[in-house]
Amino acid sequence: MKLAFTLNGRPCATEAPAHWTVLDLLRDGLSLMGTKYGCGEGVCGTCTVLADGRPIRACLVLAAHARGRALVTVEGLETEGRLDPLQTAFAERGAAQCGFCTPGMLLAAKALLIENPAPTADEVRDALSGNLCRCTGYTKIVEAVLAAAPGSG
Amino acid sequence: MREALDVFAKLDGEARFVAGGTALIPMIRLGLVKPDRLISLNRLAALTEIRLLDDGMLGVGAMATHAEISHDRLVQAGWPLLAEAVKRVASPAIRASGTIGGNLAYAEAASDPAPALMCLDAEVRVASHAGRRAMPINEFFRGFYEAALEPGEIVTGVRVPPPPKGARSGYSKFTARSAEDKALVGVAALIVLDGGRCTEARIGLGGVAPTPVRARRAEATLRGEVLSNAAVRAAAEAAAAEAEPLSDLMGSADYRREMIRVWVRRLLVALRDGTR
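One line per chain: the protein sequences are A and B, in this order. Start counting the first sequence at 1; every next residue gets the next number (this note's numbering). Start counting the second sequence at 1001; every next residue gets the next number (this note's numbering).
It is worth saying that the hints were derived from the structure and are not from the lab. Nothing here was measured: the structure is a model prediction, and the numbers come from that model. By construction, the Cβ of each residue, glycine as well, lies at the ideal position given by its N, Cα and C atoms. Worth double-checking, as some hints may not be accurate.
[To be verified] Cross-link-like lysine to aspartate or glutamate pairs, in silico, EDC-like; alpha carbons within 16 Å at most: (1) 1087(B) - 126(A); (2) 1034(B) - 1014(B); (3) 1087(B) - 15(A); (4) 2(A) - 24(A); (5) 1165(B) - 1200(B); (6) 1182(B) - 41(A); (7) 1182(B) - 1225(B); (8) 2(A) - 15(A); (9) 1165(B) - 1194(B).
[Claimed, not checked] For the chain B half of the interface with chain A, some residues (derived, Cβ under 10 Å), not all of them: (10) 1020; (11) 1023; (12) 1033; (13) 1057; (14) 1059; (15) 1097; (16) 1220.
Starting from the given sequences, assemble the full structure and let the hints guide the process.
Here is the structure:
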């Protein structure tokens, strides 16, 4: 199955078996290992990527459905070698512990900030619901997202 | 759509239609279904429409996602109960992929939109190679994960009558672990009060029986009554009594029955007092 879509701002033309999910395509097809395989059932959130600016679970969306869409993975968050403000805030505020949930957290947070540049803490928690951190470091994650929000004081 | 339905009719083996994939892909991964072909409904633009129909009903295409429905101004203004219920489906990423048609076809007992649509007396529209038909949503759920769909039939959308004038409505979702869980008990309710007396009462429940259900006996106890605390408690009691909850890893049948009593009462009180 031939596929053409935008990946991290660049056109991407590739082939994939018809039964592959976006997660299979990213990790096994394109060797982009930033997106993690957690539960495989859409529950844990670590495989979250953006499709046309909206968060999706890469493990639940068929690769065929990526056709013509714009995907952003954690590898695409930086621009010209500079980390996204979310990444900087996560690093500076200790919002990553083991790091396994971090790519999904970053992209779920990115989707929120695209839609709402000045979220409240409750809105951050709501946007990150369904992204599980087994280190339970939620407080620092919420703080980091609030700090990175362009509309925050 | 014609083409998708015709393709299905021509295939032998186990073909499956796929909408958002949020239910089907995990089922495939778990080996619960083993399709040899998938027919995607994703590019059918006509199925994503949300619009006001000529007869005043709301038309929602099957491929409209929960996120699209919850953000839709028309739905928010005229059908707030539906907007509220779809906003409680799982997590933001699931709402961005999952569709209303897929949700109904999956026939999940703990569906969030289903109890709301049952309260609104929605109609489910389906189609296959052989033709189209429609049925009241209250006849759509047949059993545990079983919808009234024949092989080769897809949900094409729902039509939702406007709520009665002056209706107060809300959806409460109780989850045992975290906010994005399936509902342990989901309660949709719509009431109309006339000088304190209840002239209309509809209660839809998710997670309390093998399918989403209307709590008809509880509704009947409310109609014509003044909504005193005692009347509300009696309705909640009736809803708990008529439910047929199942036990699962999230909670026992007894616990669910107790939670029906609590959440039906709380929602009715909040609607009565205008505190939500």
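These are the hints, each one checked on the structure:
Between the alpha carbons of residue 1087(B) and residue 126(A) the distance comes to roughly 11 Å, so the proposed pair stays at or under 16 Å and holds. Taking the CA atoms of residue 1034(B) and residue 1014(B), the gap is near 7 Å; set against the 16 Å cutoff, the hint holds. A C-alpha spacing of about 35 Å is found between residue 1087(B) and residue 15(A), which places the hinted pair above 16 Å, so the restraint is violated. Using a Cα cut-off of 16 Å, the hinted pair residue 2(A) and residue 24(A) holds, with the two alpha carbons roughly 15 Å apart.
For the given pair, residue 1165(B) sits about 10 Å from residue 1200(B) by alpha-carbon distance, which is consistent with the 16 Å threshold. Distance restraint check for residue 1182(B) and residue 41(A): the Cα-Cα separation of roughly 13 Å lies within the 16 Å cut-off, and the hinted pair is therefore satisfied. For the hint pairing residue 1182(B) with residue 1225(B), the CA-to-CA distance comes to about 33 Å; that exceeds 16 Å, so the pair is violated. In summary, the hint linking residue 2(A) to residue 15(A) is supported, as the alpha carbons are separated by about 4 Å, within the 16 Å threshold.
A hinted pair counts as satisfied when its Cα atoms are at most 16 Å apart, and residue 1165(B) with residue 1194(B) qualifies at roughly 11 Å. Residue-level restraint check for residue 1020(B) holds (minimum Cβ-Cβ distance to chain A is 8 Å; threshold 10 Å). Satisfaction of the interface hint for residue 1023(B) is found here, the shortest Cβ-Cβ separation to chain A being roughly 9 Å, below the 10 Å cut-off. Checking residue 1033(B) against chain A by beta carbon gives a least distance of about 13 Å; that is not within 10 Å, so the hint is violated.
Because the closest C-beta pair between residue 1057(B) and chain A is about 28 Å apart, greater than 10 Å, the hint is violated. Because the beta carbon of residue 1059(B) sits about 23 Å from the nearest beta carbon in chain A, more than 10 Å, this interface hint is broken. Restraint check, residue 1097(B) versus chain A: the minimum CB separation of about 5 Å is within 10 Å; hint holds. Violation of the interface hint for residue 1220(B) is found here, the shortest Cβ-Cβ separation to chain A being roughly 37 Å, above the 10 Å cut-off.
Of the hints listed earlier, those the structure fails to meet are numbers 3, 7, 12, 13, 14, 16, in rising order.
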